Amino acid sequence: MTQHASPPRDSTGKVPSAGAPPVWRGLMARADVRTLSLLGVLAALIVIGGITKPEEFLDTRNLQLVLTQASVIGVVTVGMTFVIISGGIDLSVGAIVALASVWATTVATQEYGFAGILFTAVVVGVGCGLVNGMLIAYGAMVPFIATLAMLASARGLALQITDGKTQIVTIPSVLDLGERDAYVLGIPPLVMVFAVVTVIGWLVLNRTTFGRRTVAVGGNAEAARLAGIDVRRQRLYLYLLSGLCCGIAAFLLIILSGSGQNTNGNLYELDAIAAAIIGGTLLTGGRGTIVGSVLGVLIFTTITNIFALNNLQSDVQQIAKGAIIVAAVLVQRRTASTT
Amino acid sequence: MAPEPPLLSMSGITKSFPGVRALDGVDLDVQAGEVHCLLGQNGAGKSTLIKVLAGAHQPDTGTIHWRGEAVTLRSPIAAMRLGIATIYQELDLVEHLSVAENVHLGHEPTAAGFVVRGKSARASTAGLLKRLGHPEIDPARLVGELSAAQQQIVSMARALSHDVRLIVMDEPSAALDPDEVDNLFRIVGDLTAAGVAVVYISHRLEEIRRIGDRVTVLKDGRAVAGGLPAKTTPTREVVALMTGRNVEYVFPERPVKDAAATGEPLLEVRGLARDGEFEPLDLAVRPGEIVGLAGLVGSGRSEILETIYGARKPTAGQVLVDGRALRPGSVRAAVRAGLGLAPEERKAQALLMLESVTRNVSVSSMSRFSRGGWIDRAAELRAARAATRELSLRPDNPSAPVRTLSGGNQQKAVLARWLLRGCRVLLLDEPTRGVDVGARAELYAVVRRLADEGLAVLLVSSEVPEVLGLADRVLVLREGRVVHTAPARELDEHRVLDLVMEGSPAS
Amino acid sequence: MPEPTDLTSRFTSRRGLLFGTAAVGAGALLTGCTSNEPKDEPAANDQPAAEDKPGKPVTIGFAGPQADHGWLNAINDNAKSRAKKYSDVTLEITEGSNDTAAQIGQIETLINKKVDVLVVLPADGKALTQVGLKAMRANIPVVNLDRIFNTPQAYRCWIGGDNYGMGLNAGHYIGEKLKGKSNATVIELAGLDNLELTQQRTKGFDDALKNYPNIKKVARQAAEFTVESGQAKMAQLLQAQSKFDALWNHDDDQGVGALRAIEQAGRDDFLMVGGAGALSAFQAIKEDDGVLKATVLYPPTMAASAIDLARALGQGKGVSGMAEFEIPASITLYSAVVDKDNVDQYMSTGFK
Numbered sequence: 001m002t003q004h005a006s007p008p009r010d011s012t013g014k015v016p017s018a019g020a021p022p023v024w025r026g027l028m029a030r031a032d033v034r035t036l037s038l039l040g041v042l043a044a045l046i047v048i049g050g051i052t053k054p055e056e057f058l059d060t061r062n063l064q065l066v067l068t069q070a071s072v073i074g075v076v077t078v079g080m081t082f083v084i085i086s087g088g089i090d091l092s093v094g095a096i097v098a099l100a101s102v103w104a105t106t107v108a109t110q111e112y113g114f115a116g117i118l119f120t121a122v123v124v125g126v127g128c129g130l131v132n133g134m135l136i137a138y139g140a141m142v143p144f145i146a147t148l149a150m151l152a153s154a155r156g157l158a159l160q161i162t163d164g165k166t167q168i169v170t171i172p173s174v175l176d177l178g179e180r181d182a183y184v185l186g187i188p189p190l191v192m193v194f195a196v197v198t199v200i201g202w203l204v205l206n207r208t209t210f211g212r213r214t215v216a217v218g219g220n221a222e223a224a225r226l227a228g229i230d231v232r233r234q235r236l237y238l239y240l241l242s243g244l245c246c247g248i249a250a251f252l253l254i255i256l257s258g259s260g261q262n263t264n265g266n267l268y269e270l271d272a273i274a275a276a277i278i279g280g281t282l283l284t285g286g287r288g289t290i291v292g293s294v295l296g297v298l299i300f301t302t303i304t305n306i307f308a309l310n311n312l313q314s315d316v317q318q319i320a321k322g323a324i325i326v327a328a329v330l331v332q333r334r335t336a337s338t339t
Numbered sequence: 001m002a003p004e005p006p007l008l009s010m011s012g013i014t015k016s017f018p019g020v021r022a023l024d025g026v027d028l029d030v031q032a033g034e035v036h037c038l039l040g041q042n043g044a045g046k047s048t049l050i051k052v053l054a055g056a057h058q059p060d061t062g063t064i065h066w067r068g069e070a071v072t073l074r075s076p077i078a079a080m081r082l083g084i085a086t087i088y089q090e091l092d093l094v095e096h097l098s099v100a101e102n103v104h105l106g107h108e109p110t111a112a113g114f115v116v117r118g119k120s121a122r123a124s125t126a127g128l129l130k131r132l133g134h135p136e137i138d139p140a141r142l143v144g145e146l147s148a149a150q151q152q153i154v155s156m157a158r159a160l161s162h163d164v165r166l167i168v169m170d171e172p173s174a175a176l177d178p179d180e181v182d183n184l185f186r187i188v189g190d191l192t193a194a195g196v197a198v199v200y201i202s203h204r205l206e207e208i209r210r211i212g213d214r215v216t217v218l219k220d221g222r223a224v225a226g227g228l229p230a231k232t233t234p235t236r237e238v239v240a241l242m243t244g245r246n247v248e249y250v251f252p253e254r255p256v257k258d259a260a261a262t263g264e265p266l267l268e269v270r271g272l273a274r275d276g277e278f279e280p281l282d283l284a285v286r287p288g289e290i291v292g293l294a295g296l297v298g299s300g301r302s303e304i305l306e307t308i309y310g311a312r313k314p315t316a317g318q319v320l321v322d323g324r325a326l327r328p329g330s331v332r333a334a335v336r337a338g339l340g341l342a343p344e345e346r347k348a349q350a351l352l353m354l355e356s357v358t359r360n361v362s363v364s365s366m367s368r369f370s371r372g373g374w375i376d377r378a379a380e381l382r383a384a385r386a387a388t389r390e391l392s393l394r395p396d397n398p399s400a401p402v403r404t405l406s407g408g409n410q411q412k413a414v415l416a417r418w419l420l421r422g423c424r425v426l427l428l429d430e431p432t433r434g435v436d437v438g439a440r441a442e443l444y445a446v447v448r449r450l451a452d453e454g455l456a457v458l459l460v461s462s463e464v465p466e467v468l469g470l471a472d473r474v475l476v477l478r479e480g481r482v483v484h485t486a487p488a489r490e491l492d493e494h495r496v497l498d499l500v501m502e503g504s505p506a507s
Numbered sequence: 001m002p003e004p005t006d007l008t009s010r011f012t013s014r015r016g017l018l019f020g021t022a023a024v025g026a027g028a029l030l031t032g033c034t035s036n037e038p039k040d041e042p043a044a045n046d047q048p049a050a051e052d053k054p055g056k057p058v059t060i061g062f063a064g065p066q067a068d069h070g071w072l073n074a075i076n077d078n079a080k081s082r083a084k085k086y087s088d089v090t091l092e093i094t095e096g097s098n099d100t101a102a103q104i105g106q107i108e109t110l111i112n113k114k115v116d117v118l119v120v121l122p123a124d125g126k127a128l129t130q131v132g133l134k135a136m137r138a139n140i141p142v143v144n145l146d147r148i149f150n151t152p153q154a155y156r157c158w159i160g161g162d163n164y165g166m167g168l169n170a171g172h173y174i175g176e177k178l179k180g181k182s183n184a185t186v187i188e189l190a191g192l193d194n195l196e197l198t199q200q201r202t203k204g205f206d207d208a209l210k211n212y213p214n215i216k217k218v219a220r221q222a223a224e225f226t227v228e229s230g231q232a233k234m235a236q237l238l239q240a241q242s243k244f245d246a247l248w249n250h251d252d253d254q255g256v257g258a259l260r261a262i263e264q265a266g267r268d269d270f271l272m273v274g275g276a277g278a279l280s281a282f283q284a285i286k287e288d289d290g291v292l293k294a295t296v297l298y299p300p301t302m303a304a305s306a307i308d309l310a311r312a313l314g315q316g317k318g319v320s321g322m323a324e325f326e327i328p329a330s331i332t333l334y335s336a337v338v339d340k341d342n343v344d345q346y347m348s349t350g351f352k
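Chains as they are written, first to last, in the numbering used here: chain E, 1 to 339; chain F, 1 to 507; chain X, 1 to 352.
Read the hints as simulated data drawn from the structure, not as lab findings.
Bear in mind the structure is a predicted one, so any value in this text is a computation, not a measurement.
Incorrect hints may appear among the rest.
Heads up, simulated DSS-like pairs for lysine-lysine below, C-alpha to C-alpha not over 30 angstroms straight-line [stated by the list, open to error]:
#1 Lys203/X / Lys179/X
#2 Lys216/X / Lys126/X
#3 Lys210/X / Lys53/E
#4 Lys317/X / Lys293/X
#5 Lys243/X / Lys53/E
#6 Lys114/X / Lys53/E
#7 Lys126/X / Lys53/X
#8 Lys203/X / Lys53/E
#9 Lys203/X / Lys352/X
#10 Lys113/X / Lys56/X
#11 Lys286/X / Lys203/X
#12 Lys317/X / Lys56/X
#13 Lys181/X / Lys53/E
#14 Lys293/X / Lys340/X
#15 Lys317/X / Lys286/X
#16 Lys177/X / Lys352/X
#17 Lys126/X / Lys181/X
#18 Lys321/E / Lys114/X
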């Protein structure tokens with residue numbers, strides 16, 4: 001029971017316990033608490049890793065490894081976070097990463113070298129995002145269905161392009177970016193890209209009209225429309241953005257694995273959605289943070305790392321992952337119910 | 001009073017929502033076999049009261065006695081178990097299920113505990129429909145294929161499929177034509193003859209006279225009269241009870257000069273119509289003028305405003321601002337031309353409830369303080385704060401989440417949005433709905449000041465005194481048609497209420 | 001690829017025989033030992049199972065799963081190119097599908113077309129048993145390729161790989177290489193753990209290592225047969241084990257990623273053995289400038305052999321090189337170890 005934030009002029013008095021609005025400071029504090037609690041989880045994981053495998057876990061190389069492994073899915077998650085904040089969903093991210101990665105590594109593309117691969121990966125990603133966006137914004141399709149269709153088609157096209165064959169990248173300038181020699185001040189190039197995408201994502205969400213419109217559309221699409229926002233165009237841009245992130249992620253994956261394969265990006269959609277939700281993004285839209293999503297990705301990657309270092313098998317890893325998602329959503333619901 | 005305790009006795013019921021007290025100590029007694037009518041204007045608390053009765057809302061304080069015993073209605077199921085059924089105005093049927101499935105939803109006749117016996121469900125549904133005078137409705141048809149009136153019958157069949165002792169009907173005649181209303185009244189008569197009590201909610205006084213036994217009048221969350229005889233209480237008295245104020249609204253002075261007589265119209269509507277919603281409409285609003293649209297729910301008021309604003313596409317006619325026609329059906333064109341809408345459903349249609357006051361105010365003017373998409377947040381804050389201070393929005397805290405504001409201050413946030421945008425034509429749809437009585441006077445003053453500063457204001461309200469007190473000129477609407485136009489000072493509340501309420505729906 | 005355990009034991013007992021007589025590889029058993037020299041195209045050892053002379057025309061229906069993996073793609077290629085070699089063979093090949101219902105429909109169509117023999121690589125062996133039975137009842141002999149039906153009644157002849165044997169041979173190869181090294185350690189990069197075949201490969205590997213008390217398996221992680229997962233899991237394994245002597249990787253496709261991770265970590269202090277027999281692996285073995293020293297076959301050439309067997313069935317012939325008049329009821333292929341010494345011989349069978 002809290003007193004109403006603004007002293008009402010009438011006798012409103014106490015507000016009922018259900019849906020009691022806390023003072024606004026409480027909310028601000030809770031937003032911080034959410035980030036802090038994620039940081040707390042990460043810190044706890046680091047302690048667990050440090051205790052169980054002190055030598056292997058607390059090691060610069062391991063830090064580089066965890067961050068590198070987080071980069072690809074991290075970039076995808078930044079795009080996904082925007083889409084979910086807008087009240088949408090993009091189930092096609094994994095398939096788009098696969099398609100972009102194989103299109104960018106065909107023999108024909110590789111003839112154009114580094115630029116050809118980068119350009120193709122990005123263009124394919126943006127192209128798929130464009131199709132998603134047009135279907136959802138102007139074709140009035142439900143995002144779930146439109147992106148599910150894209151998932152199927154993009155995977156099919158990726159298979160058609162490769163015939164199921166792994167496409168080996170032979171361009172040294174691409175491969176070199178994944179080697180230790182390319183690290184700058186100990187930071188792998190992939191991690192730098194991830195960091196840049198994160199910072200840009202944060203700025204766009206928090207400092208631009210684009211970010212504001214995204215939140216407005218997700219928070220209340222009808223109100224956004226009646227406030228004069230072009231809701232459909234905003235939706236189109238959002239899926240384009242997600243596609244762009246997938247294209248960048250595909251390029252990173254090509255560098256990391258030195259190849260393109262139609263099975264790439266397997267279940268990225270679920271990993272990205274899970275990371276965003278753990279980070280506090282509401283699946284219903286209207287609220288979410290880039291920092292939270294990135295912490296979500298780092299938590300998952302760190303868990304995988306600790307499990308692998310301790311030689312625990314994939315069954316245990318999967319069970320733990322599921323438990324963490326459930327726990328995070330329950331906590332989120334509890335916070336949501338008091339707001 | 002009979003020696004037996006009343007079937008239902010509610011006393012001292014209060015219920016508050018953030019920013020508004022919906023019920024403020026309501027008492028209601030219902031006897032078995034009577035038709036007890038609930039009367040009251042929009043926002044008087046009728047819906048909240050019946051939701052408490054249906055177990056959908058929990059009262060903050062107050063007691064409910066059912067056949068002499070104190071009960072708590074924790075959930076709709078608890079209410080249903082006691083024999084209380086509610087037929088809501090917005091029908092709560094599942095369109096993709098059949099009539100029989102809807103009627104038996106949640107208590108399907110089963111074999112072995114889980115196998116639904118469709119045939120027996122259909123047979124019992126057919127029996128209920130026959131009893132309700134609609135044997136022609138096929139229990140196997142999908143509810144979505146039925147007319148609104150038929151759907152209402154299905155809703156009623158669902159209520160009767162339980163062992164029901166009290167039926168609450170929320171404006172059941174709103175969707176019906178005269179024949180069907182007659183059938184409805186016959187059903188009500190049958191039910192009461194069988195000892196079932198009916199709580200009947202309607203705006204239409206003449207219906208209440210035809211079937212009602214007693215009347216309870218709600219106003220501003222209070223029962224201002226309970227158990228009046230429905231047939232004999234004079235209309236004048238009922239209307240006075242519905243409209244009489246315990247808090248006198250202070251309406252701002254009208255400008256001495258008659259604005260209607262001067263200046264070119266800023267907003268002009270020519271032959272605007274939407275099939276099935278409202279008939280061709282002409283109106284003009286000049287700078288400094290407030291034009292009011294008075295009418296009940298279903299009279300087409302909100303639809304008219306939303307169509308002018310471009311949120312609905314008109315089937316005919318055009319909207320002109322400063323003599324220039326707007327692209328029909330485009331909100332963005334309307335906003336660009338200087339229109340601003342404060343919609344009826346503030347929370348659903350205007351506010352970003354999770355966001356701060358500043359962001360709610362700035363959302364329509366982001367380009368003003370951004371360059372290349374980058375927001376100058378200091379400028380945004382300054383501009384939003386200037387707008388909210390001009391309207392004395394409380395608390396004076398730009399980062400407060402808008403959902404923690406009272407109803408009146410939320411409305412001010414919406415007005416501040418359009419003020420910041422520099423809008424010239426303000427469309428207000430039920431501007432004081434959910435706003436506390438005390439805060440209303442302040443809103444009225446704000447609206448009048450905005451008009452004095454040269455805005456054209458089009459006001460829609462179901463609260464007649466509000467329209468009469470605030471507007472310069474009034475258009476009275478009835479079922480999508482303007483039935484009367486006059487300067488506000490030439491009308492009084494009773495005259496307007498007569499115009500909007502009087503007569504049967506067909507007349 | 002998965003093969004039910006109850007049947008594994010059956011084949012394991014039979015393995016003794018095959019071990020002895022067919023040590024040079026399944027191809028040799030079927031060819032009558034004329035020549036083992038591979039030609040460049042098509043991929044398989046191109047000596048036919050039965051006589052090479054054109055005989056009675058045979059229509060062979062072929063139904064396989066969707067080729068979404070290098071190995072499965074190689075299966076299709078092997079079947080097609082083998083059939084093309086025979087003037088008396090017409091191959092009716094269906095669109096590959098991973099959907100059981102779709103595959104059943106395709107096979108029923110082939111039955112209705114009255115093909116002479118069916119070669120079926122089911123998406124799911126258990127689920128397609130019924131349609132196998134149906135074909136057999138319609139007097140169309142079925143050659144069941146790799147993923148086995150529930151009952152021998154559903155096929156005339158089964159031919160497939162040996163997952164347990166793969167692990168066994170990988171383990172033996174590593175064991176011999178590390179012989180005499182005390183406290184040697186090995187790690188295992190397994191395939192998709194959801195598949196029974198992965199468990200069988202691991203079991204074979206572990207059983208083989210039991211013969212070498214000086215060797216201890218210190219870590220195992222499962223990847224997903226994809227390059228991406230191979231890279232990710234291998235990178236973690238390398239971080240977890242700062243020193244080890246040998247690595248067995250179940251699958252050469254994910255091995256591309258694993259080798260990438262090894263390269264990125266700058267590690268070369270161990271010996272790596274692959275699995276399946278991809279061309280890229282053969283090339284790396286031949287060049288011998290990295291950690292990959294050998295790979296254990298799970299040969300996609302079995303599809304070519306299946307065509308041979310189907311042709312022989314259609315023409316009523318036996319297998320040359322065997323005394324019997326009839327084609328055997330089941331043939332388990334030998335998972336040969338390919339290393340630098342014999343890689344040239346297998347180069348043409350490597351799949352992309």
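Hint check:
1. The straight-line distance between the Cα atoms of Lys203/X and Lys179/X is roughly 21 angstroms, inside the 30 angstroms bound, and the hint therefore holds.
2. Restraint check for Lys216/X and Lys126/X: the C-alpha separation of about 36 angstroms exceeds 30 angstroms, so the hint is violated.
3. Between Lys210/X and Lys53/E the CA atoms are separated by roughly 28 angstroms; this keeps the pair inside 30 angstroms, and the hint holds.
4. For the proposed pair Lys317/X and Lys293/X, the alpha carbon gap of about 40 angstroms is over 30 angstroms, so the pair is violated.
5. Of the pairs offered as hints, the one joining Lys243/X and Lys53/E holds, with about 15 angstroms between alpha carbons and a cut-off of 30 angstroms not exceeded.
6. Note on Lys114/X and Lys53/E: the hinted pairing is violated, with a Cα-Cα distance of about 63 angstroms set against a maximum of 30 angstroms.
7. Between the alpha carbons of Lys126/X and Lys53/X the distance comes to roughly 36 angstroms, so the proposed pair goes past 30 angstroms and is violated.
8. For a cut-off of 30 angstroms, the pair hint linking Lys203/X to Lys53/E stands: about 27 angstroms separates their Cα positions.
9. Taken as a hint, the Lys203/X and Lys352/X pair is honoured in the structure, with Cα atoms around 27 angstroms apart against an allowance of 30 angstroms.
10. Distance hint between Lys113/X and Lys56/X is fulfilled; the C-alpha atoms sit about 18 angstroms from each other, no more than 30 angstroms.
11. At roughly 29 angstroms between alpha-carbon atoms, Lys286/X and Lys203/X fall within 30 angstroms of each other, so this suggested pair holds.
12. A hinted pair counts as satisfied when its Cα atoms are at most 30 angstroms apart, and Lys317/X with Lys56/X qualifies at roughly 11 angstroms.
13. Distance restraint check for Lys181/X and Lys53/E: the Cα-Cα separation of roughly 27 angstroms lies within the 30 angstroms cut-off, and the hinted pair is therefore satisfied.
14. Among the hinted pairs, Lys293/X with Lys340/X is consistent with the structure: their alpha-carbon atoms are about 7 angstroms apart, no more than 30 angstroms.
15. Restraint check for Lys317/X and Lys286/X: the C-alpha separation of about 39 angstroms exceeds 30 angstroms, so the hint is violated.
16. The suggested pairing of Lys177/X with Lys352/X holds, with an alpha-carbon distance near 28 angstroms, which does not exceed 30 angstroms.
17. Our distance criterion of 30 angstroms between C-alpha atoms is broken by Lys126/X and Lys181/X, whose separation comes to about 44 angstroms.
18. The hinted pair formed by Lys321/E and Lys114/X fails the criterion: a straight-line CA distance of about 51 angstroms is larger than 30 angstroms.
When each numbered hint is compared with the structure, violations occur for hints 2, 4, 6, 7, 15, 17, 18.
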